[in-house]
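J.: Make the full structure from the sequences, and use the hints.
Here is what each chain is made of, one letter per residue.
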Amino acid sequence: MPQIASTMKSFRTRVAKTSPKAPTGITGFDEICGGGLPRGSTTLLVGGPGSGKTIFALQFAMHGARYCKEPAIFVAFEETSKRVKSNAESFGWKIKELGPSKLFFLDAQPMSDRVHSGTFDLSGMLAALEAQINKMGARRIVFDALDILLALLPDEAAKRREVYRLHDWLREHELTGLITSKASQEETNCIVQESFSFMQFMVDCAVMLNHTVVQGVSQRSLRVQKYRGTSFDENQSPFVIGSRGIEVAVARTSSRVQISVTNERVSSGVERLDTMLGGGYYRGASVLITGFPGTAKTTLSGAFAAAACRRRERTIFVSFDSDGAEVVRNLASVSIGLNRYIKNGCLRMVSGRTISGSAETFLVRIKALATEHKARCIVIDPVSTISSSGNELTAYGVAERLIDWSKTMGTTLVCTSLLDEVSSHLLASSPLRISKMADTWIHLNYLVQAGERNRGMSIIKSRGTAHSNQVRELILNDAGVTVTDTYTAEGEVLMGTLRWEKESAERGAKDMAEVAGRVKRVRLDAEEAELEVRLKALQVELEAKQVEKALLVSTAESREGVLLQGRSRMRELRGADTAISRQK
Amino acid sequence: MNRGAPYRFRLYVAGDAQNSAQAIANLNALCREHLPDRHSIEIVDVFRKPEYALAESIFMTPTLVKLGPLPVRTIVGTLSQTQPVLHALGLGTLSV
Chain A
1 MPQIASTMKS
11 FRTRVAKTSP
21 KAPTGITGFD
31 EICGGGLPRG
41 STTLLVGGPG
51 SGKTIFALQF
61 AMHGARYCKE
71 PAIFVAFEET
81 SKRVKSNAES
91 FGWKIKELGP
101 SKLFFLDAQP
111 MSDRVHSGTF
121 DLSGMLAALE
131 AQINKMGARR
141 IVFDALDILL
151 ALLPDEAAKR
161 REVYRLHDWL
171 REHELTGLIT
181 SKASQEETNC
191 IVQESFSFMQ
201 FMVDCAVMLN
211 HTVVQGVSQR
221 SLRVQKYRGT
231 SFDENQSPFV
241 IGSRGIEVAV
251 ARTSSRVQIS
261 VTNERVSSGV
271 ERLDTMLGGG
281 YYRGASVLIT
291 GFPGTAKTTL
301 SGAFAAAACR
311 RRERTIFVSF
321 DSDGAEVVRN
331 LASVSIGLNR
341 YIKNGCLRMV
351 SGRTISGSAE
361 TFLVRIKALA
371 TEHKARCIVI
381 DPVSTISSSG
391 NELTAYGVAE
401 RLIDWSKTMG
411 TTLVCTSLLD
421 EVSSHLLASS
431 PLRISKMADT
441 WIHLNYLVQA
451 GERNRGMSII
461 KSRGTAHSNQ
471 VRELILNDAG
481 VTVTDTYTAE
491 GEVLMGTLRW
501 EKESAERGAK
511 DMAEVAGRVK
521 RVRLDAEEAE
531 LEVRLKALQV
541 ELEAKQVEKA
551 LLVSTAESRE
561 GVLLQGRSRM
571 RELRGADTAI
581 SRQK
Chain B
1 MNRGAPYRFR
11 LYVAGDAQNS
21 AQAIANLNAL
31 CREHLPDRHS
41 IEIVDVFRKP
51 EYALAESIFM
61 TPTLVKLGPL
71 PVRTIVGTLS
81 QTQPVLHALG
91 LGTLSV
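Residue numbers (our numbering), protein chains in the order written: chain A, 1 to 584; chain B, 1 to 96.
Since the hints were derived computationally from the structure, they do not count as laboratory data. Please note: incorrect hints may appear among the correct ones.
Said to hold, decoys possible - If the Cβ cut is set under 7 Å, some of the chain A residues that face chain B in the computed set are:
1) A108
2) S112
3) T119
4) A131
5) I133
6) G137
7) A157
8) Y164
9) R165
10) G456
11) I460
Only a predicted model underlies this, so the values are computations on that prediction, with no experimental measurement involved. Note that beta-carbon positions come from the ideal geometry of N, C-alpha and C, so glycine has one too.
T.: Rendered as structure tokens:
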């Protein structure tokens, strides 16, 4: 048997050729294993019924043929190639366009009427394939459902021999091979069934597909069990079969950490909230708005969406609670007009209720929609929906990846999250624990006071920005959304009519003081005027007195003169001596 | 033994592999015993003529195809278990 020799030979060629990876084109999977499946080597893909093996395999073949200049052969042991092709139509891969020179399908379903007698081997198939490979220069080959073929072989030894034959043949031709095989659910979790256990040792790469149902919600996951000579993500990664094939969810890997950080701010849509945040949210930040039902979470996120559209940034608004049109109508009542932005295509409303399935599906849909819309801002209202029953375990990971993804894309993400009565006691354990990951966390709550329920808003955290520590009141009316100062009185925050009362009382007091001041001034003016008048009168009187005095002096002098004159005249008349003696 | 239509066989083999050689030997023995002078055997080596294997969907070797008389039957293996082979060829009622 030339097997050992050929093994040695192919081993040498493999070592000599430090082959890179053959990309599968499966979103996320290539990232898990650092680029794709081992080129020129064999990969085993094991999974239960309906776990997506054929789709995985076909996507690998199609991607090679279409994008990597690696023509591929698809050997179908179970389903006919016609069915495989038609099943793949919905993914938009346009397999028929490729033609058999790029992607060749070989129908190798065992004929039902064949008869077995004695042993046999797969040389015929390999010879046929070899001819086809030479004809089209194939670099990739898929053996879909090899277990069907192996089941025909009479014993374990024969199965093992044929698998080795196949493996050696693949190496010899330096083909990147993918062998799929069925396994029941339990087996994918631990060890594959007996006849395949040795295959796992033989191949260079083994991938397990899982499909479980948790509380009625289908959860798919994938795990790279082994991958020789390379580091890979060893954890189970959830995946979905989306509209473009398989999409694997990957947690943040080292290659994706570098996120361009920006200092750019984007408006929250509420002017005073921007001020409270020191200028708005950061571009690319993830914002969480938590609160009880009816605390205006949707309104606040709607204001953000409207502000984004005003800046002509393409935005997606995913609403789970109500229909998109309803949201638009409701927001219009608080002067947040979204209709024109929907009309000009800037805003896209997505009714989240149309997204069903696992949390993973949700993420994939959001990503696809956002990419399609080229969204720079995303609103998800509320994000807590994804942790609905059946998704409790995966939702956290999904939320984490959602935030990671939006950060990588530089997309500003605003999520609302419903807090129920129980979790309100433990604020930090809000659903999804998303609050830990969010950059900015705004909490809305009711303050019940004096028979009123008013909305209070506080910023619990906002990374990297100075933010107000005060609880403010959020007011919604026809004019829009406003944030007002609250009054604190005797250590209590006043809101609603209490605040209004306080405000008007203060206004009254101010008016009173103003009037009193004015009155006092008038009175002072009057007093001043009076004093001035009195001053004038006195001055006039003084002058009069002075005049009188001067007049008096002059009169006295003149009278004395006249008297003297008169006396001398009299002396003259009477004789001078008399007059002189009297004068003595 | 009544003489019917001649049997036309095509045997796909893989070079000089052991099981292929066994199949040739077994087929020859079988024909000698059960179909003397009314059979023709065409041996196709899939290594030399892989396009035959591709066109006829011969993936396992050795494979015996009975082309005539109709219906066409396919038997996979070395033909070492004679009884099922004879049965498949419509010769099963014959006592050995």
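J.: Give a verdict on every hint.
T.: Verification of the supplied hints:
| no. | hint | result |
| --- | --- | --- |
| 1 | A108 | 5 Å, holds |
| 2 | S112 | 10 Å, violated |
| 3 | T119 | 5 Å, holds |
| 4 | A131 | 3 Å, holds |
| 5 | I133 | 10 Å, violated |
| 6 | G137 | 16 Å, violated |
| 7 | A157 | 13 Å, violated |
| 8 | Y164 | 15 Å, violated |
| 9 | R165 | 11 Å, violated |
| 10 | G456 | 74 Å, violated |
| 11 | I460 | 66 Å, violated |
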